[in-house]
Amino acid sequence: MRVEYYLTVSAILFSIGIFGVITRRNAIAILMSIELLLNAVNINLVAFSHYWGTRLTRAAFTSQEEILSPVGQSFAVFVIIIAAAEAAIGLAIVIALYRRRETVFVEDVNTMKW
Amino acid sequence: MNEGIGAQGSYSFYFFLFFSAISVVGALGVVLFRNLLHAALALLVTFLGVAGLFVILNAEFLAAVQVMIYAGAIIILVLFAILVSQNIMKRDIIQTNRAGLIGILSAITVAWIFISVFWSVEWDFSSAAVGATDPRLRFVPTVYHLGVSLMATYTLPFEIAGLILLFTLMGCLVIARKD
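Residue numbers (my numbering), protein chains in the order written: chain A, 1 to 114; chain B, 1 to 179.
By construction, these hints were calculated from the structure, which means they are not laboratory data.
Do not rely on the hints blindly, as some may be mistaken.
[Said to hold, decoys possible] Derived Cβ-Cβ restraints for the label pairs, each shown as a range:
#  : chain 1 : residue 1 : chain 2 : residue 2 : range
1  : A       : E65       : B       : I160      : 19 to 29 Å
2  : B       : G100      : A       : R99       : 46 to 56 Å
3  : B       : L166      : A       : Q64       : 29 to 39 Å
4  : B       : A21       : A       : R100      : 33 to 43 Å
5  : B       : D124      : A       : R100      : 53 to 63 Å
6  : A       : N110      : B       : T155      : 37 to 47 Å
7  : B       : W119      : A       : E65       : 34 to 44 Å
8  : A       : I82       : B       : R98       : 21 to 31 Å
9  : B       : H38       : A       : T62       : 45 to 55 Å
10 : B       : V121      : A       : F61       : 28 to 38 Å
11 : A       : F61       : B       : Y11       : 35 to 45 Å
12 : A       : R99       : B       : I113      : 53 to 63 Å
13 : B       : P141      : A       : E65       : 13 to 23 Å
14 : A       : E107      : B       : I108      : 48 to 58 Å
[What the hints assert, rightly or not] Chain A stretches covered by chain B per the calculated footprint, using a threshold of three residues with CB under 8 Å from any CB of chain B:
#  : region
15 : 15 to 25
16 : 68 to 75
17 : 107 to 113
Cβ atoms here follow ideal geometry from the backbone N, Cα and C, with glycine treated the same way.
Can you build the whole structure from these sequences, using the hints too?
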């Protein structure tokens, strides 16, 4: 099975996420589309990690010992961590926005427009 | 030498089609459902499909993390936010008169660029890692190497990620409190 199959799925998910970010009017729906983007990137990283295998990396900057590390999967773990943090902050902002303005639609948040 | 060194069964293509179809259909549900709850459930379906893809790609720990964190925590967050911010008037019934055409054009352009680049590169995995061809390491789960590398090679990003989660927690408490 070729690696391009997984990359194609990742590209399709990414483009659907971009469509959602541009099109949706609800801020929570935009945040959900951003999660789609991050999942597409995760598929890409893990696909490459599967096809490259584990790499020999140095255990620390100052050591010569070498360990096997799945680089793509490590990167994907960090992407998941950051995505969770960003979803939490984004939804907190949406909740605060709803408390003040009684709306969750991004087109109503226009007080800074000229 | 496009195969790479990961071991895959003989039916993995059909599993790949199954899980990628689930993911794509769920993604379409996220962006097309007018009802926000339906979109959140479609997002849950997408997360589970992506977890299935991770299992095929020999990343079973990452699939479990995906189910726990994404499908277990982020979906709950989204549902709580939907619950808190319910509008009486369902204005989202109105169709995408904002930027529908631009959205479709940019999505198709991005997908076209990515897919054409991905399929035109001559992927060559012949210089894959030395250690993975060791037959003893074939049966070690990837979580072992993932854990060791997170503690040894990637310690700094790991600690910074912990700090980011701490700051995120405090920030969410400050942003979303009633005053």
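Against the structure, the hints:
no.	hint	in the structure
1	A:E65 with B:I160: 19 to 29 Å	holds (23 Å)
2	B:G100 with A:R99: 46 to 56 Å	violated (30 Å)
3	B:L166 with A:Q64: 29 to 39 Å	holds (33 Å)
4	B:A21 with A:R100: 33 to 43 Å	holds (42 Å)
5	B:D124 with A:R100: 53 to 63 Å	holds (55 Å)
6	A:N110 with B:T155: 37 to 47 Å	holds (45 Å)
7	B:W119 with A:E65: 34 to 44 Å	holds (39 Å)
8	A:I82 with B:R98: 21 to 31 Å	holds (28 Å)
9	B:H38 with A:T62: 45 to 55 Å	holds (53 Å)
10	B:V121 with A:F61: 28 to 38 Å	holds (32 Å)
11	A:F61 with B:Y11: 35 to 45 Å	holds (43 Å)
12	A:R99 with B:I113: 53 to 63 Å	violated (41 Å)
13	B:P141 with A:E65: 13 to 23 Å	holds (21 Å)
14	A:E107 with B:I108: 48 to 58 Å	violated (24 Å)
15	15 to 25	holds (count 10)
16	68 to 75	holds (count 6)
17	107 to 113	violated (count 1)
Checked against the numbered hints given earlier, this structure breaks hints 2, 12, 14 and 17; the rest are met.
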